[in-house]
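Protein sequences appear in the order of chains W and X. Heads up, the first sequence is in full-length UniProt numbering, so the first residue is 1 and it goes up one at a time. Heads up, the second sequence is in full-length UniProt numbering, so the first residue is 1 and it goes up one at a time.
Incorrect hints may appear among the rest.
Which copy is meant is left open, so a pair is good if it fits within one copy or across any two.
Claimed, not checked - Heads up, simulated DSSO-like pairs for lysine-lysine below, C-alpha to C-alpha not over 30 Å straight-line:
no.: 1; residue 1: Lys362; residue 2: Lys279
no.: 2; residue 1: Lys290; residue 2: Lys455
no.: 3; residue 1: Lys243; residue 2: Lys362
no.: 4; residue 1: Lys279; residue 2: Lys349
no.: 5; residue 1: Lys349; residue 2: Lys243
Since the hints were derived computationally from the structure, they do not count as laboratory data. Keep in mind the model is a prediction, meaning the values are calculated, not measured.
Number of protein chains: 2
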Amino acid sequence: MQDVKSFINSNKDRLLNELIELLKIPSVSADPAYAHDVLTTADAVKQALEKAGCDTVEICETQGFPIVYGEKLVDPSLPTILVYGHYDVQPADPINLWDSPPYEPVIKKTELHPEGAIFARGACDDKGQMYMHVKALEFMVSTNQLPCNVKFMIEGEEEVGSVNLSIFVKENREKLKNDVILISDTGMISKDVPSITTGLRGLSYVEVEVTGPNRDLHSGLYGGAVANPINILTKMIASLHDKDNHITIPGFYDNVEELSTEERAEMAKAPFNLEGYQKSIGINSVYGEKGYSTNERNSIRPTLDVNGIWGGYTGEGAKTVIASKAYAKISMRLVPNQDWENITELFSKHFTSIAPEGVTVKVNPHHGGQGYVTPIDSVGYRAASKAYETTFGKTPIPQRSGGSIPIVALFEKELQSKTILMGFGLDSDAIHSPNEHFGVWNYLKGIETIPYFYKNFTEMNS
Amino acid sequence: MQDVKSFINSNKDRLLNELIELLKIPSVSADPAYAHDVLTTADAVKQALEKAGCDTVEICETQGFPIVYGEKLVDPSLPTILVYGHYDVQPADPINLWDSPPYEPVIKKTELHPEGAIFARGACDDKGQMYMHVKALEFMVSTNQLPCNVKFMIEGEEEVGSVNLSIFVKENREKLKNDVILISDTGMISKDVPSITTGLRGLSYVEVEVTGPNRDLHSGLYGGAVANPINILTKMIASLHDKDNHITIPGFYDNVEELSTEERAEMAKAPFNLEGYQKSIGINSVYGEKGYSTNERNSIRPTLDVNGIWGGYTGEGAKTVIASKAYAKISMRLVPNQDWENITELFSKHFTSIAPEGVTVKVNPHHGGQGYVTPIDSVGYRAASKAYETTFGKTPIPQRSGGSIPIVALFEKELQSKTILMGFGLDSDAIHSPNEHFGVWNYLKGIETIPYFYKNFTEMNS
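With the sequences and hints as input, model every part of the structure.
Written out as structure tokens, the structure is:
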């Protein structure tokens with residue numbers, strides 16, 4: 001496969017421009033205002049897969065946004081790789097913090113990306129990383145080097161919990177049958193320290209509502225005499241962590257996998273520069289659960305974070321009001337063996353139980369998913385590792401990620417195959433944040449590396 | 001003054017319609033978008049004062065919204081009453097909770113107001129109560145019964161802290177010279193239990209900002225490893241009260257006036273129906289500082305309430321983000337002897353000191369004012385009490401209010417005269433809330449009672 005580099009070099013502008021076109025469509029699945037754009041994006045993905053060489057591409061309708069399914073079947077006796085990705089993106093707000101509009105992609109140079117990076121919502125998560133696979137397929141098909149069968153399943157609801165994808169997978173086990181699942185929706189340590197994600201955290205996402213009086217009250221006339229829902233909400237949320245930043249929900253840690261001293265020592269070998277980490281996000285100190293390192297806190301330990309909070313008067317100036325209601329969105333990242341539905345239930349039960357008299361509390365579960373760990377001795381992992389060795393010249397480091405792709409555990413359960421997480425993004429890419437970007441180098445390196453995975457995986461299976 | 005009732009009866013529709021016209025102008029001082037409307041309202045008040053019989057009315061410019069000043073001077077040897085009120089209103093949001101648009105006044109009957117109540121922002125606070133004075137003047141002038149001199153000072157920034165009024169008062173001591181200040185910007189216990197407000201709480205209003213990372217972060221990649229500004233803000237706010245709901249700011253209670261057992265016993269005699277109180281605001285339990293009754297908690301005790309909180313993702317659906325910043329608006333109601341500037345400083349110092357490493361905290365003081373207590377043996381109080389006896393047939397109960405009119409303490413200091421708080425609103429009028437209203441009966445009863453105060457005060461001073 002000597003000519004993948006020359007394919008990239010001679011098609012570089014086109015590879016970038018096609019992705020830029022895709023990034024212009026604001027496919028925000030969380031916000032109904034963008035529903036039409038999400039559908040337009042599904043169509044664009046369908047066309048891209050057809051152009052890249054799929055024999056069949058379908059828009060599979062669901063109760064929500066459709067799944068784009070494509071396949072190129074070479075020979076039933078050869079292995080089948082199922083590529084999963086998503087074409088929906090996170091909301092862009094707070095929009096005023098973007099240096100350029102989120103849906104008008106621009107390529108700008110940065111310290112980490114002297115070759116330039118594409119700035120746009122979805123540049124990395126996941127349009128950019130998903131599109132690497134489309135272009136890798138194009139390369140393999142156009143040069144007659146596709147060594148095995150390939151199936152694509154690109155969904156439009158990853159950012160809102162993949163509820164309809166779960167149903168689709170359960171109903172289409174035969175169609176989706178494969179030998180390995182390949183996903184690029186994670187990151188790597190750095191451009192010169194390639195890594196493969198071997199673990200993902202699970203997720204439980206809930207929204208809580210605290211109601212006090214039946215209307216907003218004047219804080220002078222009622223202040224001090226009635227439960228203020230915002231004060232109560234802050235008290236309730238604050239009580240969810242103890243002074244050592246352990247989570248206080250009864251039963252929360254019951255099934256948490258505790259790593260051995262050896263495993264933790266192994267983890268501690270991964271390169272980590274505390275000063276650089278702090279500098280990159282502008283903090284003067286890290287913060288978290290007592291007894292664990294930063295890398296442990298954001299990978300092997302569960303968390304509870306408020307993702308949004310609101311209530312009362314939030315406009316200009318002052319309003320002396322006691323709000324009738326206060327709200328928060330809270331997510332918990334879970335580790336292997338924690339069941340997200342069980343955790344959601346434990347949270348709801350506990351949160352409701354700590355409400356004082358004078359308020360009522362509602363907990364609305366949003367969505368969730370299980371954590372996932374993949375072994376490093378599988379054929380898939382070895383095929384991926386060897387692919388990185390070829391294109392990076394280094395053996396990649398296996399690494400647990402703090403993020404979640406809730407659907408991965410379900411894939412294993414329903415489709416009985418392992419998932420390989422070949423991510424080419426960087427932590428600094430600001431996914432889910434203003435100024436999300438994806439390095440041009442990373443994008444092209446992904447397109448270069450993926451075909452070697454196909455080659456290695458097929459050879460190792462034969 | 002036998003004909004005040006017949007004046008009201010024969011002019012009732014006009015008295016209501018004139019107020020309704022004034023209520024149509026959205027004079028929200030807190031929101032720059034309404035600046036033009038605030039100015040239009042000042043003009044309308046000027047015209048109303050001229051029409052009611054003032055000899056001179058001026059629009060006095062300030063650094064902010066103007067003060068409308070009017071006077072009718074009968075004889076320098078007679079007493080002078082200074083009427084204070086405000087023509088600005090609170091913001092109307094949350095606008096979706098109004099049953100009818102806030103600036104399209106309608107008269108509707110309610111359980112407490114079988115004669116009807118005017119529903120509109122400012123109906124009670126303070127356009128309605130202020131306009132009672134304008135109409136009482138009209139009655140006295142038109143029937144040649146004005147027994148003394150009268151000055152009106154109607155401002156447009158009460159809801160945002162009266163900063164420019166303070167300057168105006170200091171610069172116009174001679175012009176504003178008076179023997180008593182009369183204000184209707186408070187309430188009374190009920191329609192059959194008239195009361196006069198003898199105490200107001202002070203106020204310190206601040207806005208706080210907690211900053212963590214320099215940008216919003218992905219809660220999977222960073223969750224658990226960096227201080228989440230929203231979680232931290234909830235912890236910090238929660239820590240401001242202990243388990244007995246005492247405020248934990250060091251020095252906060254140092255100057256709080258503690259009432260004697262006798263005084264508290266006297267207070268406890270005021271009629272109070274806990275069940276009715278809870279029912280009126282839809283709560284199943286009251287809540288507050290241990291060791292104090294509801295009436296004490298909202299009058300003689302200081303408080304700390306969050307009036308607004310926001311941060312992170314607050315839109316539809318879910319976003320797994322760790323916000324860079326979280327905010328809250330916090331107000332403290334103060335009791336006599338607590339100095340608001342001192343309390344603001346104590347708050348700022350304490351709040352900044354409890355911020356953990358990993359975040360920075362800013363405290364921006366908004367505005368504030370001192371508490372106020374007026375004696376019940378003054379000429380002014382006795383004149384007011386006797387006026388209520390005439391029109392209600394009952395001696396009014398002296399009562400401390402939980403609300404604040406920060407400018408009152410300044411009036412006493414700068415103008416050396418006592419303020420009499422003759423309020424005709426009810427707690428259930430929903431001032432500062434959606435569906436604010438003012439009983440037609442209360443409005444007319446105010447117009448009826450005020451002239452007797454003029455008469456009594458002049459006679460008692462002669």
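Intra- versus inter-subunit Cα pairing at 30 Å for Lys243 with Lys362: both (26 Å within a copy, 23 Å between copies)
Copy assignment of Lys279 with Lys349, given that the CA separation must stay at most 30 Å: Classified as between: cross-chain Cα gap 27 Å, same-chain 39 Å, threshold 30 Å.
Same-copy or cross-copy closeness of Lys290 to Lys455 [CA-CA at most 30 Å]: neither (45 Å within a copy, 73 Å between copies)
Up to 30 Å CA-CA - Lys279 versus Lys362, copy category: between (39 Å within a copy, 21 Å between copies)
Copy assignment of Lys349 with Lys243, given that the CA separation must stay at most 30 Å: both (22 Å within a copy, 22 Å between copies)
The structure does not agree with numbered hint 2 stated previously, though it agrees with all others.
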